[in-house]
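Q: Residue strings, one per chain:
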Amino acid sequence: MALEFGLSPDQESISDLFSSFLAKECPTEVVREAEPLGHSPMLWTALQGFDAPGMGLPVEAGGGGAALADLVVVAEALGRAAAPVPLVEHLVASRLHPEAAIVSGDLIATIALHPADGSGLWRLAPAGAVANVVIGIDGDETVAVHAAPPGVAPANHACAPIADRSARLGDRVVLGPASAFDRALAEWRMLTASALVGVATAALDIGLAYVREREQFGRTIGSYQAIQHGLADFPALIDGARFLAHKAAWAGDNGRVGAAGVIDMDEGEITEHCALASMAFLQAGEAAAVCTDRSLHYHGGYGFSKEYDIQLYFRRARGWANILGDPARERLRLADMLWPPPGSTAGVGAGRAITAGRA
Amino acid sequence: MALEFGLSPDQESISDLFSSFLAKECPTEVVREAEPLGHSPMLWTALQGFDAPGMGLPVEAGGGGAALADLVVVAEALGRAAAPVPLVEHLVASRLHPEAAIVSGDLIATIALHPADGSGLWRLAPAGAVANVVIGIDGDETVAVHAAPPGVAPANHACAPIADRSARLGDRVVLGPASAFDRALAEWRMLTASALVGVATAALDIGLAYVREREQFGRTIGSYQAIQHGLADFPALIDGARFLAHKAAWAGDNGRVGAAGVIDMDEGEITEHCALASMAFLQAGEAAAVCTDRSLHYHGGYGFSKEYDIQLYFRRARGWANILGDPARERLRLADMLWPPPGSTAGVGAGRAITAGRA
Amino acid sequence: MDFSLSDEHLELRRQMREIMTATVTAEVIDETHRSGTNHAPGFIEALGDAGILARAMPGPGQDPVDMWLVSSEAEKFGAPFDAGGMATSIAGVLAQLGTDEQRRRITPGLLSGRELVCFGLTEPDGGSDLPRIKTRAVRNETDDGWIINGAKMWTTMGHVADWVFLLARSDASAGRYGGFTTFIIPMSTPGITVDPVWTMGTERSNATFYDDVRVGDECLVGEAHEGWRTMGIMLAFERGLGNTGALTPLLRRFAQWATESGTIDDPLVRDHMAQLAIEAQVAELLTQRTVWTIATGEGPGTEGSVAKVYATEAYQRAARWAQATAGADGLLRFHEAGAAADGWIDYDVRHSTPQTLQGGTSEINRNNIAERQFGLPRMR
Amino acid sequence: MDFSLSDEHLELRRQMREIMTATVTAEVIDETHRSGTNHAPGFIEALGDAGILARAMPGPGQDPVDMWLVSSEAEKFGAPFDAGGMATSIAGVLAQLGTDEQRRRITPGLLSGRELVCFGLTEPDGGSDLPRIKTRAVRNETDDGWIINGAKMWTTMGHVADWVFLLARSDASAGRYGGFTTFIIPMSTPGITVDPVWTMGTERSNATFYDDVRVGDECLVGEAHEGWRTMGIMLAFERGLGNTGALTPLLRRFAQWATESGTIDDPLVRDHMAQLAIEAQVAELLTQRTVWTIATGEGPGTEGSVAKVYATEAYQRAARWAQATAGADGLLRFHEAGAAADGWIDYDVRHSTPQTLQGGTSEINRNNIAERQFGLPRMR
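Protein chains in written order, with our numbering: chain A, 53 to 411; chain B, 53 to 411; chain C, 17 to 396; chain D, 17 to 396.
Chain A extracted, bound-state conformation:
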């Protein structure tokens, strides 16, 4: 075991598989055509063609046996293509509730990010508009509810298939206590982080291509230092988020969850899955926001026009991240894991682990 920042052979082949699949099946015309709902049933069916919906489950459960380290690679490819399929949510939900029809992808599953309110409503669940099964917290239980999806989403910034869903109406199964849901939320943060890394990477690629071509005042605009320096900030933002997501996956795959992980702020050592997933999510949200902002800006007016692709990414950078809520709240939650308030049990399930160190 030693520091290794390259993709493993498994990761490489998964990356190649999904990248070439999406390049072929999901050019941006597909993304545009799927708006405003933000879901392409055809693309979903194509994903079922190579068993993608069940890949996150063990082979014993009929799944593909992919590790989290593989799933972050998939999520990044999806984000890079702005793919209008709820695979991130489905992968997370399927690991919590491996029903055969979910494993196969015949039923689409998702998770509700916040507990149901007093009336049993899960507010704006990601993929809620198209999911046949929604898993989330209701009271002190984690439940899965089978019900026909509404098939329409409220009009929204990202054209994402979000929708309110009921935690009580439909075919309802109790999966466990509310705490059983913690891992799913951490995995959703981690995979959404990777998807946002994909969005940011696409923004960089699109931006670079544009500034290399576009001329103003007799020079390509990519030759101006103001634009060069604005773009030069992207790699740290993107790579930082990517490595955090991969580190979260590595921590999860190696059982470094909760007390089995390290959170040592004195030495700056963090190997705990849930804390890393939260960090990855926040950093990726920032990376996607900044990279799409600037890339769009460097397009001049064209970035704002619907004809160009950058606005697709600009809107998803916000939509995919903001669905969880105010990032400041997420940072406070992270702070409770890193510096637990006295007497607290800190964090969501994970929280504080081994803390060595100096005062």
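Just so you know, the hints here were simulated from the structure itself, not pulled from any lab data. This one's a predicted model, so the numbers in the text were calculated from it and none came from an experiment. Among the clues, some could well be false.
With beta-carbon atoms standing in for the labels, derived distance ranges [said to hold, decoys possible]:
| hint | chain 1 | residue 1 | chain 2 | residue 2 | range |
| --- | --- | --- | --- | --- | --- |
| 1 | D | Asp281 | B | Gly203 | 35 to 43 Å |
| 2 | A | Glu267 | D | Pro140 | 34 to 42 Å |
| 3 | B | Ala207 | A | Arg271 | 50 to 58 Å |
| 4 | B | Gly101 | D | Leu251 | 52 to 60 Å |
| 5 | A | Val204 | C | Ser189 | 28 to 36 Å |
| 6 | B | Ala261 | A | Asp305 | 42 to 50 Å |
| 7 | B | Ala261 | A | Pro61 | 52 to 60 Å |
| 8 | B | Ser231 | A | Ser218 | 20 to 28 Å |
| 9 | B | Gly172 | D | Asp281 | 23 to 31 Å |
| 10 | A | Val111 | D | Gly317 | 36 to 44 Å |
| 11 | A | Val111 | D | Glu24 | 30 to 38 Å |
| 12 | A | Ser231 | B | Ala207 | 16 to 24 Å |
| 13 | B | Gly307 | D | Gly278 | 38 to 46 Å |
| 14 | D | Pro140 | A | Asp305 | 51 to 59 Å |
Every residue, glycine too, gets a C-beta built ideally from N, C-alpha and C.
Using the hints, position chains B, C and D against chain A.
A: Quick look at chains B, C and D alone, frame taken from chain A:
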């Protein structure tokens, strides 16, 4: 009455007077020589020479009858010269407690920015190291305490003559209830804002002079777009802070204090003195911090060396602003004036006034 | 310095507010969002009827405070004034450079709010590099007219406008800034076609095409081949006076949502709201200073650039922060249940995005400040 | 990907921590602040004795993880490793380009921690534009030696160093990157003088002057006139591996103050602390990635620039935020009553300030990323 952004003839002549006085009496050698204490008795004596210490008091009280609109001009000139004299504090204190020896400047007066603690200590009062009279809050009273100044300051970032002072030991006069101190604090914020505007302006001037001269790669560094664009942000920061300080002065001079001023967030109309003073202080702190940061950075290593002037301003940008406390706390205080919490009486003495408007 | 408004200006403000309350209803705003056309005819016509468009016209002898007050009040209220801004700009240009015949034939329609004008300036390849335009105006010696061919981009209001103010190259041999001619042409002239360009802001802009468009000398604005001079006058009217007041309505709408949702008690949110209130004040003060420099005849220097960069970037940051803070509800559009500030939060993010581009990009404005205010070397 | 350290590396880390706890006491640190010389002889010598300096030497056949771990642990602890970093860099250069005689005569002293080396590179007019240096090395035909004249700036440790690694122009006719020669010279050589340069960070740097300094060929590093190649090797050792870990001790010290003062309960402060924790992790991951690219032989590309810009700017922002948050107490220096984090908050602001300049300014590094990673046109 109509919008007027030029200096009045009075302001012009005060600006000229102080600028030429400081150019002559306070080159940066004087600033350096006054370190680490941050006080030049000679410069103070020279200021007494033209009755500067008492200028903020009415002629009837033996003062110079200057308006707040004049004092902000003075404070900006002081900041621009990084002048090692506590004139801002003295002007504020003198208006609260116009003793003859204070009006003449034979005694230096200052204010304590925070109420005395349980043991009667005023923590780190600005000019506390050199002031003969300190005015501040102790319990529910505003008191003035005459006592010999320590003459030394704890070593600090800005080489400012700050020091702890006692609210109880010495010759103690009760000036009124604690609320009598509110105006003084607002005036201190406003004048410190102007001093910080002076600091930021000096940072711009010094930075521009440097980047016009310094060559790298065969060009002056001021020809690089990254540096041009970094500097191009300065005018908005500086002018914004300057106008806010002037508007606070205008509001104060015209009696627009507390309920006599307007705070209408629906229309974005604010003419209340204390709210404007707080805004000016925050904006000026930001302007001084950003402008000195960047100007120092554009100096390369030389900015960091004690030989160059920019480090003098860099340190004062922080020292003069941070002495009040965390700017986030100040913003929360401002927020309470702008959007009073239900049932609160809001703000320090000033607070909410007329609020017209739509919902 | 003096920060008070005169009684005449206070009266104008009162009038503006009265007219807006009467004419810019929620239904009117809804219609602009539905159609993508950011124009409320009843509002602009009422301004025309009250003589306010005439007061808001820029140029010598006009009160720049009037001009600022009108656009600022509209912006703070959230009333669509783009059409009024364009009409008054062109009326101002005609007042300075137009013929008496044009001022009789065209100006009254513009200042009544009944006739609209769009701008045919930027081209697909052009952007910030305006002198690079390719639209050609060729002198037609047989009838003393002109034949115009070319294409323009971002012709906002082009599909509802009566007139187009058009910049064309009339003498390609005359160097970078020579050989331009400006025209004002009825949009009904044969050969002009308008294609919609839909934007992320849900606003409609247009691409306009000019195929052998034949016009006479009555359409010339200023002298032939002296179009760069006309542009100089017009761009000076534009810079730094509009679109710097958006923080105020944003903050009003955000505070509305924050109050309803209880978020207004959150210190993290209050901290940020106070910062935005400061930025709104700074944006207004910087804009008022620009107005004052125009009034004193000192302007326009770089004050407009300073205000424009600051205000539009602050607005953009604020909108993006507001959206993130509102979480999922900040993603929802107008009329969706639970949408933060009834959908305005989402709208502001989309609407603020091109503000740092149109009317001079932040980069061009920063170049301008560095070169003209600081005297640093011009590097383009 | 794998984010774990091998057992050997964990053992090295344990050893480092043990040595630092024993040798880098509060008194030792105080002495560095008092003297302005950021060097703790007992610590560096202990590293030498434990063979750690030899492990931390960069170059082919060496483990870059060792090199990173040593400097990173020192930085996290707050132990002054600058002298060790310079010594191991030059030992690494000698390992690649030195003579056997130099490796016998010079290297053991450097790797024992007993002899220090300073860098004579930048000049008063030079800065980022290194090839512009004016120090001349002229071949002295009578004795096969060299005569060196010139002045160097920012010769940190120059007043305590045994050696100077010097870059001089040896052939002014050889174009921008030709005609340089690098030397390693005893500081005791006649003609070398050292003047202190005091800094805002209270650290002492130096200006060094070379007046007819005569040295023989035994002082050459690499071939004569091939100095740019030496510099390439040395700068590659430098970039992106040191000075990217400062957020961790800053955050530890800030948290200490925040806990003592009760500020740690303030949600505004917690929000920001969480952000800094993320930035510290990102800085570490970006640095580890640089290490990995070196280990795999892929580096150094622009990874070092990416890590360096990010980490130093994050550190600077963090220090300035921490100081503002601590208010008046954040202004107080070491040993003053009530000073926030015993004075470290004030120190970090001053200390972080030159980090975005030394070892490659942020501007130069951003140019580098744009040109080398993105392939955008080089505009210098």
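Q: If a hint holds in the structure, say so; if it doesn't, say that too.
A: The hints, checked one at a time:
{"no.": "1", "hint": "D:Asp281 / B:Gly203: 35 to 43 Å", "verdict": "holds, 38 Å"}
{"no.": "2", "hint": "A:Glu267 / D:Pro140: 34 to 42 Å", "verdict": "holds, 40 Å"}
{"no.": "3", "hint": "B:Ala207 / A:Arg271: 50 to 58 Å", "verdict": "holds, 52 Å"}
{"no.": "4", "hint": "B:Gly101 / D:Leu251: 52 to 60 Å", "verdict": "holds, 57 Å"}
{"no.": "5", "hint": "A:Val204 / C:Ser189: 28 to 36 Å", "verdict": "violated, 60 Å"}
{"no.": "6", "hint": "B:Ala261 / A:Asp305: 42 to 50 Å", "verdict": "violated, 58 Å"}
{"no.": "7", "hint": "B:Ala261 / A:Pro61: 52 to 60 Å", "verdict": "holds, 59 Å"}
{"no.": "8", "hint": "B:Ser231 / A:Ser218: 20 to 28 Å", "verdict": "violated, 55 Å"}
{"no.": "9", "hint": "B:Gly172 / D:Asp281: 23 to 31 Å", "verdict": "holds, 27 Å"}
{"no.": "10", "hint": "A:Val111 / D:Gly317: 36 to 44 Å", "verdict": "holds, 39 Å"}
{"no.": "11", "hint": "A:Val111 / D:Glu24: 30 to 38 Å", "verdict": "holds, 35 Å"}
{"no.": "12", "hint": "A:Ser231 / B:Ala207: 16 to 24 Å", "verdict": "violated, 52 Å"}
{"no.": "13", "hint": "B:Gly307 / D:Gly278: 38 to 46 Å", "verdict": "holds, 40 Å"}
{"no.": "14", "hint": "D:Pro140 / A:Asp305: 51 to 59 Å", "verdict": "holds, 55 Å"}
Going down the numbered hints, you'll see the structure goes against 5, 6, 8 and 12, while the others check out.
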